[in-house]
Every structure is written in C-alpha cells, then in structure tokens.
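Chemist: Relying on the hints, combine the two individually framed chains into one complex.
Next come the chains, spelled out residue by residue.
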Amino acid sequence: MSAPLGQRGLLTGWGRTAPTAAEVVHAVDEDIVDAAMEAAGASRSERGRGIVARGLGRSYGDAAQNAGGTVLDATWLDAFHKVDLDSGVVTVGAGVSLQTLMERLVPLGWFVPVTPGTRLVTVGGAIAADIHGKNHHIDGAFCSHVLEMTLVTPTGKVTLSPASDPDLFWATAGGMGLTGVITDATIQMIAVETSYMLVDTERAPDLDSVMEKMLGGDDAYRYSVAWIDCQSTGRRLGRSVLTRGDHARLEDLPERLRRSPDRARAFVPRTLARVPLTPPNGLLNPLTVAAFNEFWFRKAPLHQVAKPHHMTGFFHPLDGVGEWNRLYGSNGFLQYQFVVPDEHGETVRRVIERLTEVKLASFLAVLKRFGPDDPGPLSFPMPGWTLALDLPVGHHDLDLLLDALDQKVMEAGGRVYLAKDSRVAPAAFRTMYPRVDEWLAVRNRVDPLGVLRSDLGRRLGLCSDRLPPAPGRRTRRARSTTAAPEKAAPVRGAGASPVARGTAATRTPRTDTPPERTGT
Amino acid sequence: MIDAIGRPQSVLVLGGASEIAQAIVAKLVPARCRTVVLAGRESARLAEAAEAARAAGADVVETVAFDTTDVDHHLAFVDQVFDRFGDFDVVIAAAGILGTQGILERDPVATASLLAANFTGLAAALVAVAGRLRQQGHGRLVVLSSVAGIRARKANFVYGSSKAGLDAFAQGLGDSLEGTGVGVTIVRPGFVVGRMTEGMAPAPFSTTPDAVADAVVKSIESGAGVVYVPSVLRWVFALMRLLPQVVWRRMPG
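So the protein sequences, as listed, match chains L and A. No gaps in the numbering here: position 182 of the first sequence is 182 in the numbering used here, and each next residue is one more. If you want the numbering used here, it's the position in the second sequence, counting the first as 1, plus 1000.
For the record, the hints were derived by calculation from the structure and aren't laboratory data. It is possible that some hints are incorrect.
Short derived list, chain L residues pointing at chain A, Cβ under 10 angstroms [as the list claims (entries may be wrong)]:
hint, residue
1, Pro19
2, Thr20
3, Ala22
4, His26
5, Asp62
6, Ala67
7, Gly68
8, Gly394
9, Asp455
10, Leu456
11, Ser464
Listed next, the in silico EDC-like pairs over lysine to aspartate or glutamate satisfying Cα-Cα at most 16 angstroms (straight line) [as the list claims (entries may be wrong)]:
hint, chain 1, residue 1, chain 2, residue 2
12, A, Lys1027, L, Asp200
13, L, Lys157, L, Asp31
14, L, Lys299, L, Asp397
15, A, Lys1218, L, Asp399
From a predicted model like this one, the values you see are computed outputs, not experimental measurements. The beta carbon of each residue, even a glycine, is placed where N, CA and C say it ideally should be.
Looking at chain A on its own, in the form it has when it is part of the complex (with noise of 0.2 angstroms):
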C-alpha cells in the first residue's frame, strides 16, 4: 500500500530497461518498496536493471518477458503478473523509443513501430494495467510523455506525435479513474541526457534521469496529476504552443 506520506510498497515497470524507470526504482527501494518486477524484453540492460534493485535492498526483484506490440497478450500478461506478485503500488509506463528522425521520415514500417512501441501498443497494456488497478482499487500509474508531445517539432515529429498520443490517453484515462482510488501522474521532461540521447546536443532545460526520477517520487506523495522536469518547462511550453507557426517551423533541429 502506498502509506501517508506517498511510500509505495511495490512497483511494476514496463520497459523495465528505461534508464529512467531505473533512477525511480533506486529511489523508491530505499523507501521501502519490497517489490519490484520489471517487464521488458530480455536484455542484459533489464536483467542490469534487477541487479541494481536488489542491490538497493528489495526483496523481490523479477523480470517478466513484456513485448509492448504484442496487444494480443497484454490482458493475459497484466493478469498474470498481478496474480502472481499481488498489488502493485505504482506501475511505471516507461518503454519507449527514440528512433532517428531521418530514417522514420523515409520508412513507413519504422514509422508504424515506433508508434506501436510509444503509444498504441502501450496505450493498449494500460487498458489492461488500469482494469486490474481499479479492481485492486488502489495504486497509481505513472506515464513516462515528453514535451516532445505538446507541441510536435519537424526535428523530431513521429516521436513526438506517439507522446502526444499516448499523453492525451492518459489523461482521459486519468479522469475516467476518479473516484476509483486509482491515479495516474503524468511526467512530461524535456531533453533527458543520458543512454536515449547519447550523442545528441542537449536542448536548453535538458534534465537527468535522476531529476526525472526526484520529480516522479514527489508526484507519488502530492498525487500530482501533471509533473514537468525541470517544473520551469510548464512555463515555458505554454508559451511555445502560442508561437506562430511560422516561427515554430524554424525552430532548430
């Protein structure tokens, strides 16, 4: 159970390999989470991901096989992963991404994935997460957008238009939860720098995982419906989205 002061007990990640989620789960742990069960892909990065949470002192640490795009099992999963582990606290929907913007522009088929990956696939596991969610009748789920997704930039619009996508699911999905116990935090960060932008020239307000992480651990407390990261980004997008198209369209890459 989530206590007083906003201390989950248990956690479920998907895309259990997200350096983000990773930087949650390291905060968490040492706050008296005992559970934590990352669902992903095999990969050395998720098995790396338990090793660190039972470094940090959980008490059970698992990884579950979890492919985002396979929406014909994501009902058996989620029920599966709940019947097994019990409740979960706060499940974090962070698998996603990034892509390269030059090739998704010329290729439809990578185009289709990466929005099956951000947001159609995923939107699809939350359909199943929140059912279960609201039966438990407690728990929060936490949504990994971007404020790629508030305004869609030509530099990088596919990955943008999936966060928009999936940000605007979950906030109806949200709404439909009040009153059932059930919350959802979305976390929007700017450039997060680290293993997803190696390479890449920061934006101005760039952020780290672990800020990411700091903001998302607040959010569990206050129950805060929208967290930006860094917070000064609320301000600074709402003005973005009232820059004239044609200044918008020169924005640099």
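One chain only, chain L, in its complex shape (with noise of 0.2 angstroms):
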C-alpha cells in the first residue's frame, strides 16, 4: 500500500503555543488510517518520524502534534454505526463530537455518559485523555462508559473491551493516542427526560466555605463545580459560584415546556459570536480579568434553587463563543489543571495563594471533586480535587512559578492532567505517574518500534525521535557511531528495561531495540 498523501501544516493545541510541521493526512475512511500506519511503520530507512491522531484539537499542549510526522485528522471518521434507542448503546465513529452525540440523541432522550466544559471534543479524543465531568464524582471518567472500541496499532487491528485485553483497554483510556489510533467506540449513553438542567447555584464568600459545601453536599448532586476568582485576596481568597444540579424532568419544567415535550428536549448549540481576529497579547491582564471575575461573582444569585438551565449554557458557557482562544492574544495560553487527594485540599489554597502572590490574571478558575478513580495508569482523575487555571504566557516567571506548583502537587501526591499539559518536566510527570512503566510496557507490546509518535511523547520521554534500526539492518546511524547516547532524560528506571548510567556523556546503554526514551 502506498502511503496516503498528506499536507504539510502547522498545528497546535488550544493552547497555541508551540506550533509544529507536520504532515496531515484525512482519514477519510478507515482504509487511509491502516495505509497511514502502515506507511509511518514502514519508513524506517527514511528516518520515519511516525504517526499519531487528532481530533478536534481541544487539548491545550502537544498532545495531537507530530513535527515532522504523520498527523492524522480522525474528524472524518465521523458515522454512526449502530444506535440503539432502547438501551442507549451507541456505536460511532472516532472522530464524532460529543456535540454531534447531542445534538441526535438528546432529542431522543439521550446524553452523553460524560461531557468536558466543551461539547467540542471527538469519542477518540474523550478516550484518549480518558475525560472527565461534572459528574465525575458520581459516574467517573468518560472511559468507564465505553464499552467497546476498535485500536489500529502498528502490529493490528484490535477489537478491545474491559475484558478481552484489559491491560491494552485501560492504557488507551488516558493513553494520549500513542497506543494506536482508535477508529471507532461503543458507548452507554444516559437517559434524559429533556434537555435542561435544574440547577442550584449559590456563592461562597471564600474557599474554606466553597469545599466545605463540595464536601458536604456534592454527594446529593449528579453534577457540580465552582467556578473560583483567583483574584480576590485576603479573606475573600477563593470566593466562589457553586452551580450543582442534574438532569431535568418533564414534569419538573415550567409548563410552556411541558406542553410541548419537542422543545423540552431540543439541543441546538449555537454560537453566539465568534472571535474574529487575535487582539494584541496582554488584553487578558490582571486588570480585565479581575473586572470580569468581579462581573461573573455579582451576576450569580446568592442562592437559588433547581432553576431550570439548558444543557448548553450548564455544561458549555464558552462554546457560545467561537475561538475563544485567541482572546490570549499570539503568545497563547496554558492551562494548567492538577489533582491533589483528598487528604491534601490544602494544596488548593496554597497554589491559589501564590497565584494572587504572583498577581499573574488568571481566568476564571474550575474546582471539582473527583470520586473514584479509573484503572487506566496514566488516567488523570484520583479522589481528591482537581483545579484548572488558564494563563496567558508571557509573564516572565510563569516558568519558574509552574515548576514551583508541580512541587506542591508532587508533595501532596497529585498530578496535573496531559490533555491540558504543554510544560511539565519528564521527570515531573514520571513522579506524577508513577504507573508509567506499566503503561509503557502494554505500549511497546502494541508497538514495539516506536511508530506512534506525539510531540507530548517526545517532550515527556514517552517516545523517541528516531525509529530504532531494523534488526539486522546497518542504518546510517549504526555506522557512525560506535556508543551513541540515546537522549534519556533523568528518569528513574526509564522504559520497561533498567537504565545503567555510564559514564557522564554516555550514561545509556544502546540496544537495538530500546524502549521507548526521552526524545527532544
């Protein structure tokens, strides 16, 4: 098979940071993605730089970013194979929105198991960074709702539930797409009534108040999260908008509705506006966003009780607004999301403490519960609490400011969450993830020469740059060098074999097919 055409395009995350050339390849059909696979595994001789999928680029970071590879746009795989309206057992294609899931099957009384703060994510992209919601602390990840999915791997086509390959199953929920590429997925939905919410929605004057309510109330609530100014100090450190609710039913609705159960149930997102053009870095300063923060916390009633709310405005306020990300400006943004176990909620207030400290504006921020986690080893959620910050990049500290909360983060046993992540250390996210190894184990199983590749990966070491020389094959590479280092970083026990340190400028040891290593 001849290796699909691509164009050779710039991408980033949500971010937009980091850009990087890659080719693109449209998986217009499933075909193209076993021909690209095969193609990216293939191209040893030519220095192959492999292959990984994308989605609709919601991830923050590197995440769908291959430089000098293969990216493959899996938005095109976008059929529903199979509906079944009595159990709500839905097969679709990867590259299917969750928005698309809405907008067919909320009229149809279903929802999605687990939705992120946009609709605008694929089934692919929802099991590869293994995503959670508002309800995570009552329903889990997205993954523990798939029952079903269908892997490309360099060494096959695999058909994976929970229980025909567990260990490749859960490596892939949380996976970052480099297990494979997943072409499609079943998923149990939810039974809705209607499409609205019914919501309470109360301020909390500072953040001992906001997780005292999470704690003690979050239980009697399928979803909930509070939206925190990290810019107020001093005792209003941390106020905060709690909305908590669930689905709605018919007859919990105002009798206009009631009478007509088609537009109960109607979901049709719209985009309110659309950012046009990207305003000059530092709109987004301490200032604004203080006045909006300011805004947002008087506009929320003090306390109010199941108000019905469209699920739209409920689960996905910034949707309204079309590339919103480019209101940071061409520097760009970051998002930096971390959990921390229960135990250690303190970690909340220090790392919004030093936030006010550094007096860096930052957006609005999300704190949630998280319950359960899932079997997935570099699955983001563990019991505890999770809180997302967006930051603009360009303060002159932020480097330094961030290595100091992934301190805090490690210290309380937490970690922050790939799909958001465009910075952290590998050794950082090796002490984060202490299950890598595992993870990496099942990876080189799948794919044991390296083909699926993401920027993310090589930043974090999870794969390397080059393809190892074919056995029995003189490379280049082979030739020219008698110990050539592998780039490693300072990782304890790297990949699934030891890593003895040598002498300080070659502190690997080379094999012929070495695991999986620290790239560039």
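Modeler: Here is the structure:
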C-alpha cells in the first residue's frame, strides 16, 4: 500500500503555543488509517517520524502534534454505525464529536455519559484523554462508559473491551493516542427526559466555605462544579460560585415546555459570537480579568434552587464563543490543571495564594471533587480535588511559578492533566504518574518499534524521536557511531528496562530495540 | 521539544568553545535542557565547555569534531550528528573569529580564511542544519551576528563584512523556513567584553556574554527574529546607518 498523501501544515493545541509542522493526512475512511499506519511503520530507513491521531484539537498543549511526522485528522471518521434507542448503546466513528452525539441523541432521550467543559471534542479524543466532567464524583471518567472500541495499532487492528484485553484497553484510556488510532467506539449513553438541567447556584464567600459545601453536599447532586475567582485576596481568597444540578424531568419544567416535549428535548447549540481576529497580547491582564471575575461573581445569585437551565449553558458556557482561545493574543495561553488527593485539599489553597501573590491574570478557575479513579495507568482523575487555571503565556516568571506548583502537587501525591499540559518536566511527569512503566510495557507490546509518536510523547520521554534500526539492517546511525548515547532524561528507571549509568557523556546503554525513552 | 514557555530540551552548538554559546548553555541546562552537543575543533576550551555543561547538570554532553571551513563534509557531519542524537530543539551558530584588522588588510589568505570561518563555511553548514530542522518540523536556529555587520567600519571591515554576509544569509533563511515549524533568531550584539576582545578598549554600549545569553534565552521564548544586545543598539544603529559617509569614515578605530 502506498502512503496516503498528506499536506504539510503547522499545528498547535488549543493554547496556540509551540507550533510544529506535520503531514496532515485526512482519514477519510478506515482504510486510510490502516495505510497511514503501515506507511509510518515502514518508513524506518527514511528516518520515519511516526504517526498520531488528532481530533478537534482541544488538547491545550502538544498532544495532537507530531513534528515532522504524520498527523491523522480523525474528524473524518464521523459515522454513526449503530444506535440502540432502547438501551442507549451507540457505536460511532472516533471522529464524531460530543456535540454531534448530543444534537442527534438528546432529542431522542440519550445524553453523553461524560462531557468536559466543551462539547467540541471527539469520541476518540475523549478516550485518549480519559476525559472527566462535572459528574466525575458520581459517574467516573469517560472510559468507564466505553464498552468497546476498535484500535489500529502498528501490529494490527484490535477490537478492545475492558474484558478482552484489559491492559491495552486501560492503557488506551488516557494513553494520549500513543497506543494506537481509535477508529470507533461503543458507548453507553445515559437516559434523559429533557435537554434541561435543574440547577442550584450559590455564592461562597471564600475557599473554605466552598470546599466545605462541596464535601458536604456534592453527593446529593449528579453534577457539581465551582468557579473560583483567583484574583481576590485576603478574606475573600477563593470566593466562588458553586453550581450543582441534575437532569430535569419533564414534570420539573415550566408549563410552556411541559406542553411541548419536543421543545423540552431540543438541543440546538448556537455559536453566539466568534472572536474574529487575534487581539494584541495582554488583553487579558490582571485588570480586565479582575473586572470580569467581579462581574461573574456579582451576577450569580446568592442562593438559587432548582432553576431550569438548558444543557448548553450549564455544561458548555464557553462554546457559545467561537475561537475564544484567540483572546489570549499571539503568545497563546496554557491551562494548568492538577488533582490532589482529598486529604491534601490545603494544596488548592496554597496554589491560589501563590497565584494572587504573583498577580498573574488568571481567568475564572474551576474547582471540582473527583470520585474513585478508573484503572488507566495514565488516566488523570484520582479521588480528590482538581483545580484548572487558564494562564496567559508571556509573564516572565511563568516557568518558575508552574514548576513550583508542580512541586506542591507532587508533594501532595497529585498530578497534572496531560490533555491540558504543555510544559511539565519529564522527571516531574514520572513522579506524578508512577505507573508509567506499566503503561510503557503495554505500549511496547503493540508498538515495539515506536511508530506512534507525538510532540507530547517526545517532550515527556514516552516515545523517542527516531525509530530504532531494523534488526539485521545497517543504518547510517549504526555506522557512524560506536557508542551512541540515547537522549535520556534523568528518569527513575526509563522504559521497561533499567537504565544503567555509564560515563558522564554516555549514560544510557545502547540496545538494538531500545524501550521508549526520552526524546527532545 | 521546546515547550509552551519556550524551554528547549536539546541544543547543538556550532562553535562549541564560544564564550557566548557557553553562557547560553549555562542558562538552558537548568531550565531542563538535557542534551548538549558541542561541535568545534578539538581544544582545551571545547573540553572545558563540555565539562561546564556536565557540571550544570545536563544528561548527555558530547563534543564532536567540526571545522566550519570543511564544507565538503558538512552534509555528512550534520546527518551524523542528528542521526546519533536525535532532534535538536535549538541549534546555535556561534563559530567565528575576530582576526586582527592590521594583518587581514594586507593578507588575502588570512582574509579569505576569516570569511570562510565566519560566513561562507558557516552558511554552508547552516544549509545542512536547516535541511534537518525542516525535516523534523520544529526547532530554532540561533545565529550569532554582530552590529559590526550593519555598516562596515574601516577599523574592522573584514570581520564586519563576514557578519554582514552571515546576517543577510540568516535573514533569507529565516524567511524561507516560514511555515515549517522552524524559526531563526539573529542576534546582533555590540562590543562583547570577553575572551575574543581581550586587551581591546570597549566600545560604547558594550555588553557581556552573560547579557547576550539572557537575550538569546528570551528570544527562544518569544520567537523573536532579530535581537540586539543591548536592545538600545537597535536605535543607535538605525541612526548609524543614516550617517553621511564622510562622518562614518571618521569613526574612531
């Protein structure tokens, strides 16, 4: 099979930082996926640079980029293969967005089991990041609702369920696309009567009170999240607006909607506005952000109970503004999202305090309590507190600030979310995800040559930037060096094999098929 | 990979013994640059530079033999280095010599060899480097130019013209790499007080290797195309360019 033609183009994540160029191949059908995978694996002699799938590009950092290699645009895989309206089990192409799922199925009484703060993500991306939503404390993460998926790996196509190959299934859940290209998935949807939510909203004057309310009351709600003002200080540090709710039944709705069940189940998302151009850097500065946060806090009701809100406003307020990521200017921005175990809730306070000290413009932050984690070794959620902060790039000490926050998070036994990450250090990543070697072992099983690669993988040392030489084949590299050092981060036991320390210059042993190690 | 905040994880230095390059490496390594490859003629200084990078905490530090003027082997050299160490996030073109104007003016061979070292040979190497960077689809090429190249002065016009050539080459190269994921930064320092200028009286607006390194690290973060060190030189030299030749000719040595 010849390699499918790609178009060279620059890609970034949602944060619009660190652009790199790749061949973008449109996965117009599943045969293209197979062909592209095969071509990526066969291009060893031409310094092949691997392949990774990309959905709607909502990962903030470099997860769906593959510099110099192939990026498979999987949004083409948008077919509905099978829909069972009695059980709510649907099989769809991995490129189907959660928005499409909602548009088609909410009017028929089925809602996605988990949705993040944007519905503009694909099913494939939702699995690769094992996304979570406001209902994590009750329903867990996305992959807990995936019954089956088809995964194209360099060693073949597999149909995966948690029972058929639990190791590969859970390595793919949160595996950031580095175990294969997901082409379709079967999902258990949840039954809803209407497209409305019954929402309780309350303001909390400070961080302690909001955390107390969440600890005490979250279990009574299916969905819960708090928006925190990270600009206010002193007694008002961490003042928040807490919104919690559940799906509304028809009988909960006002008369006019009850009389028209079609309207009560309508799901027609609209983009209210679009950011037409990229404004100068610094539009979102401490002053404008503080003003916005103030407005947000004051517009929220003090305490409001069982108010019907449409799903779109409750789950995805920002989706009403197209390309809002442009507001951060050409420098772009990043999201710092971490989780710490329940007993380290204090870390949340220390992080917010640190942010107010450095006067960094932080847009509304999102605080949420996670429930039990799922078995994925790279899956982000763990029982505890998660805080997500949007931060503009360009502040001169952002690097040191975030490294210091990493330290606090690690001390608490927590971690950062890879779907949001664009800057964590490889060594910190390994501490945060102690089961990474277990994950690498599964990856090496299905991708022994390291064909699946991304910029995130290179940055974190999950995949190397070259394919190892083919067995029995002399490559340029093999000729040119006698003791070529692999690039290696100072990791605790890299890959599946132990790392011996050699001389200062050549610290890693060379093997013919090295386990995945740090790239650039 | 260069992360969202502009921190590279690997660097290749052409002219690895350069004092400025050493100052840059000293700043990149603590900010998580793990791989440092120093290319240059074998010398005690090159070895010292490697030792310094190791002491700073880089994991992989290697020196590789490289002669700017050996253009026949540039392609093979660059391929070999990239094949051996993998991607480079940053490549610094720091090779260069100052020469002694008095000798250069009278010696065509010395002039030719300075131009080869600073301009033609280095530009040829950058062609090879740019090829690999374009392939890998990411990276930043930092080219150490000089304000001496903006308007050649009688006191050092051989050196100045070599930098003028390199600078123009780098500008064009940067434009040709638009959209490839690879960026080029041209660094134009003024008089740098250091080994290269030992015994010379500093010119106005002089700077240090450390200050140049700071500016370079910042430019990797911001993706700036041209950097003056100190930054005021941008305006000083905008004016210098406008001076009538009769005045410029009288500029002191």
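Chemist: If a hint holds in the structure, say so; if it does not, say that too.
Modeler: A quick look at each hint next to the structure:
This hint holds: proline 19(L) has a C-beta 6 angstroms from the nearest C-beta of chain A, less than the 10 angstroms allowed. With 10 angstroms as the threshold, the beta carbon of threonine 20(L) comes within range of chain A, its nearest partner Cβ sitting at about 4 angstroms, so the hint holds. Of the supplied interface hints, the one on alanine 22(L) holds, with its beta-carbon coming within about 6 angstroms of a beta-carbon of chain A, less than 10 angstroms. Restraint check, histidine 26(L) versus chain A: the minimum CB separation of about 18 angstroms is more than 10 angstroms; hint violated.
Contact between aspartate 62(L) and chain A, as hinted, is supported at the beta carbon level, the nearest pair being about 7 angstroms apart and thus within 10 angstroms. With a least beta-carbon distance of about 4 angstroms to chain A, the hint placing alanine 67(L) at the interface is held under the 10 angstroms criterion. Checking glycine 68(L) against chain A by beta carbon gives a least distance of about 4 angstroms; that is within 10 angstroms, so the hint holds. Among the interface hints, the one on glycine 394(L) holds; its C-beta lies about 8 angstroms from the nearest C-beta in chain A, closer than the 10 angstroms criterion.
Because the beta carbon of aspartate 455(L) sits about 5 angstroms from the nearest beta carbon in chain A, less than 10 angstroms, this interface hint is met. Checking leucine 456(L) against chain A by beta carbon gives a least distance of about 8 angstroms; that is within 10 angstroms, so the hint holds. This hint holds: serine 464(L) has a C-beta 7 angstroms from the nearest C-beta of chain A, less than the 10 angstroms allowed. Among the hinted pairs, lysine 1027(A) with aspartate 200(L) is inconsistent with the structure: their alpha-carbon atoms are about 51 angstroms apart, more than 16 angstroms.
As the CA atoms of lysine 157(L) and aspartate 31(L) are separated by approximately 11 angstroms, the hinted pair is consistent with the 16 angstroms bound. Annotation: proposed proximity of lysine 299(L) to aspartate 397(L) is violated, straight-line Cα distance about 33 angstroms (limit 16 angstroms). Under the criterion of a C-alpha separation no larger than 16 angstroms, the hint pairing lysine 1218(A) with aspartate 399(L) is consistent with the structure, at around 12 angstroms.
Comparing the model with each earlier hint shows violations of hints 4, 12, 14; every other hint is respected.
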